[in-house]
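The sequence shown begins at 3 in the numbering used here and counts up by one.
Honestly, I wouldn't trust all of these hints.
What the hints assert, rightly or not - Straight line, CA to CA, 25 Å or less: simulated BS3-like cross-link-like pairs of lysine-lysine: (1) Lys205 to Lys295; (2) Lys205 to Lys324; (3) Lys236 to Lys159; (4) Lys295 to Lys324; (5) Lys205 to Lys159; (6) Lys236 to Lys205.
Because the hints were derived from the structure by calculation, they are not lab data.
Quantities reported herein were computed from a predicted structural model and do not represent experimental measurements.
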Amino acid sequence: MLGFLVRLLPFWVREPLLILVGSVFGVRIMYLAHRDGEWVAAAIGLVFLVFTAVRVHTVARALRARRVPAPAPAAEVAPAAVALAAPAAPAAPAVAVAAEKEPNAWGQAVAAVAVFAALGAALWLGPHLLPSDDDGAPRAVSCAGGEDEELPGAYRKTPRAVTGDELCNALNRPDLAQLLGTPAETATAVSGTSNTAPLTDGKVAQPEAEVQFDTYTVNVSVTYNELSIAQYVKLMEYGEETDVRQLSVLGRPAVLASGHTMKIEINLGGGGSGGPVEQGPPARTLSVALDAKDRGGYCDITVWSTSGALPDDSALLDIAEKVLPTIPDRTV
């Protein structure tokens with residue numbers, strides 16, 4: 003397509019353009035080839051320069067042809083025998099035919115060079131004049147693709163069970179830091195795993211995703227079992243849990259509760275098994291039923307920080323209202 007458009011240009015525009023492009027590319031490629039020691043690039047640069055030399059030769063021939071006027075065609079010689087008795091015909095008035103004015107070749111060439119010089123200057127100065135997206139700020143990390151991940155059998159037996167990778171993509175939102183009240187932060191680590199619930203012999207799917215910031219860490223897990231939120235609340239009451247708050251999120255039963263994370267030290271030096279399991283920083287968890295009828299299964303959204311500080315409960319509610327609609331509902 004580009005070659006067709008170039009062929010449509012007038013000769014005195016097309017040829018200077020090809021000379022300009024060929025010389026710039028040829029010199030640039032030859033310089034890079036000399037600097038990096040790449041012989042293949044040097045051959046490509048040489049092709050550009052040879053092409054440019056051919057175009058220069060063509061323009062030079064055209065200019066020489068325009069300077070030398072073409073010889074006028076010889077008039078045909080009249081026959082020798084002329085009838086003497088025939089009267090001479092009156093001479094026809096000469097009609098002056100104005101020669102069509104040809105375009106200025108040098109003007110076209112200069113205009114073509116000027117246009118492409120302006121385009122080259124715009125391309126060269128554009129990144130310096132326009133605001134750049136790469137301002138040195140840290141970029142958010144993305145979830146690793148898990149298309150080739152072999153899922154446990156519990157996921158095949160659970161209709162529409164979300165995978166860890168899908169849950170990670172749902173949680174790793176651009177506005178997650180703003181929902182946490184720290185809009186200036188960027189995620190430093192994300193992960194998603196397709197686990198099964200503990201103590202279920204691998205029969206209950208429990209995918210999990212986690213996004214870490216400098217201040218807070220957010221963990222989301224979905225448990226596809228038969229435990230309802232109402233039964234979950236009774237277990238909390240039986241365990242004398244404190245700071246428990248029942249509510250409704252997106253029309254589904256939900257409960258807020260506080261707890262502690264676990265701190266595990268692993269010794270990678272081979273000298274021992276690591277330290278004991280200790281109580282980690284406090285965490286706040288919002289558990290929401292997978293459907294409005296609370297027929298079993300729930301989603302846990304947990305937030306904690308190494309400093310022990312926790313965001314308001316409104317942050318958990320905002321995260322739930324944004325993330326839960328993107329998680330596939332369980333069909334019963």
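**Prompt:** For this structure, which hints from the list above don't hold up?
**Reply:** 2, 3
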